[in-house]
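Participant: Here are the chains, one letter per residue:
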Amino acid sequence: MFEVARPGASGRSPIVRTAVVVLIACAASLFLATPAQAHNVLIGSDPREGASLPATPGKVTLTFDQAVRPDFARIAVTGPDGAQYEQGDVGVSGDSVFIALRPQGPAGAYVVSYRIVSNDGHPVTGTVPFTVGGTAAGTPGAAGPGTAPGSGTHLSANPPGLGTPPPVAPSGGAWVWGLLVATGVLLALATLGLVRHDRRVGLAAGGTASAGAVSPQRTRTANPGTGTTGGGS
Amino acid sequence: MTVAAQRRLGGSAEASRSRLPVAGGIAAGLLAVLIATWLTRPGPTPGIPMPGGLVEYGLPVSRLVVDLAATAALGLSLLPKLLGFDDPDRTEPIAARARHWAVLSALIWCAAALVATVLSAAEVQPGTVPDVADYVDRIGSGQGLVVSASCALACATVGMLAVRFGEKVPAELRVLVAGFGLLPIPVTGHASNWYWHDVTMVSMELHVIGACAWTGGLAALTVLLVRDRALLARALPRFSRLATVALIVVGLSGVFNALVELLLSPDRAFPESLVTTRYGWLVLAKTVFVVVIALLGANIRWRLLPAISRQAPTALAKWATFEIAVMGLAFGVAVALTRAPVT
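Those protein sequence lines, which keep their order, are chains D and R. Residue numbers for the first sequence follow full-length UniProt numbering, beginning at 1 and rising by one. Residue numbers for the second sequence follow full-length UniProt numbering, beginning at 1 and rising by one.
Simulated from the structure, these hints should not be mistaken for laboratory data. All C-beta atoms, glycine included, are put in the ideal place defined by N, C-alpha and C. One should not assume that every hint holds.
Listing some non-contacts, in silico: residues in chain R with all C-beta distances to chain D over 10 Å [what the hints assert, rightly or not]:
id : residue
1  : Ala27
2  : Trp38
3  : Val103
4  : Leu107
5  : Ala269
6  : Leu274
7  : Arg278
8  : Trp281
9  : Leu295
10 : Pro341
Between beta-carbon pairs, the in silico distance windows are [said to hold, decoys possible]:
id : chain 1 : residue 1 : chain 2 : residue 2 : range
11 : R       : Leu54     : D       : Leu53     : 38 to 44 Å
12 : D       : Ala83     : R       : Leu34     : 35 to 41 Å
13 : D       : Pro129    : R       : Gly127    : 22 to 28 Å
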């Protein structure tokens, strides 16, 4: 009875087993899946792409099709003279990111560059060009005279670490690097152990057909070989 | 001395010929991933530092290595199931080699996943030494890669036990651990949308597991079994059934996921986006690859399999190598596809 059942079961087994694995996989994926997994797409901006404005806007807002995560978000606004005109940190509210601009920029072509980390963890980058033209006479009065110089000096210190999120304690990073190095050493040791076991058993690739003839020779040559690798490491 | 040297030479030539499918698959994958990454690279963003070439191309390559190593680990774990256990004297030498290569693949998988984690962290923090802990803490795909690396380590541990104790370590356990390690990989890609998230995730998991079992199984058979006609006559029909199921699962889930991603893109209309966006091009390329793979598989299934069952000599190695190379292309495009936006 058992003997009869066995061949049938082994004939079908790969498919049945695979189906079981796949089912368990589906069940597990429901636990593993992270809540938000999608690629953010830019759907709008203020100023709009290619817009022509009378004066530099007070801030630039980029709107995406879904909520933006604040981590690692960056916005840069490059003016016609090649200088950076954004100031302060990137702000996030819901599905839009924004950054304040230095007032009184020269007339000409500006480019808003952005890089946000999408909800699925991939960086999404892009640019939005706009132009500032005509007379910029209205702006000096509109922008507070007290804030402009203050933020200007603040900006001069900013560009190197522009808009980056608050720095994280370096100890956390060092700890992880240590862990990575330790894992790397572990992997190397495991590989070495496997290769030595491989040689000892005489199972090196291609040795199956003539295993009996090759294996004594392999073991004889293996000992000096492993000795040198041991001395080397 | 000369006889031994000749034997070693002959053995190495034979071994290198049997490794050709693996080399072909890897080369095809690398080629496809580099071309696809170059095709979908983002434009310049003045004022924001971009990651360097090492990160830009190293990250997709390391992701490809993760995928291929995981595929090899799963395929090699499946091999004992395809061989069966009723003739241990014949199958044991091959099963032993499969166990060794499975552990090595799992170790490569783990290392590549960790490299990919570091490069992903570097990608979002260009211009600085990447803070890996911060990245993994904040971004889900970093956690996915770390979980995948841990699963790879578990897979290597179980594989080591199998190397030590032989087939007493059940093959099902090894398949299960390797399959479980594949689950976090789709979490690290997108190709799934906010609205239909649960459905697309499950379909993506099916896609990855199906593709890995299919490619890995074929590669394991081609590399380890191709010279042993008796075992091939036994194992290939079993694999053929597995491949049929995998073809259906991989094809349907892949088409479904690609359509969801294209349909739900907010700023691109669907039928045009298939030809106007880079994402659409990659989808089309992958569809073509799947059709080619299906044709090659059908060729093996209906033209070669009857002869193989009679244990007659066939050109299986050549056809299977060709099929694995196309699979490698599909894997390479897949890596780029999980990262490319619909633009």
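Participant: In terms of Cβ atoms, is chain D entirely out of 10 Å range of R/Leu107?
Facilitator: violated, 5 Å
Participant: Going by Cβ atoms, does R/Trp38 stay more than 10 Å from chain D at every point?
Facilitator: holds, 16 Å
Participant: Over 10 Å from every CB of chain D: does R/Ala269 meet that, or does the non-interface label fail?
Facilitator: holds, 14 Å
Participant: R/Ala27 clear of chain D by more than 10 Å, beta carbon to beta carbon?
Facilitator: Fine: 19 Å to the nearest Cβ keeps R/Ala27 off the interface.
Participant: Is the Cβ of R/Leu295 more than 10 Å away from each Cβ in chain D?
Facilitator: holds, 22 Å
Participant: Does the beta carbon distance between R/Leu54 and D/Leu53 stay inside 38 to 44 Å, or does it fall outside?
Facilitator: holds, 39 Å
Participant: Mind checking the hinted window 22 to 28 Å against the Cβ distance between D/Pro129 and R/Gly127?
Facilitator: Cβ of D/Pro129 to Cβ of R/Gly127: about 24 Å, so the range 22 to 28 Å holds.
Participant: Falls inside 35 to 41 Å, the C-beta gap from D/Ala83 to R/Leu34?
Facilitator: Taking Cβ atoms as reference, D/Ala83 and R/Leu34 lie about 36 Å apart, which means the hint holds.
Participant: Are all beta-carbon distances from R/Leu274 to chain D longer than 10 Å?
Facilitator: With a cut-off of 10 Å, R/Leu274 remains clear of chain D, as the shortest Cβ separation is near 17 Å.
Participant: Over 10 Å from every CB of chain D: does R/Pro341 meet that, or does the non-interface label fail?
Facilitator: violated, 5 Å
Participant: Is the Cβ of R/Trp281 farther than 10 Å from every Cβ of chain D?
Facilitator: holds, 17 Å
Participant: Regarding the assertion that R/Val103 does not contact chain D, is the least Cβ-Cβ distance greater than 10 Å?
Facilitator: violated, 6 Å
Hints 3, 4 and 10 from the list above are not met by this structure, while the remaining hints are.
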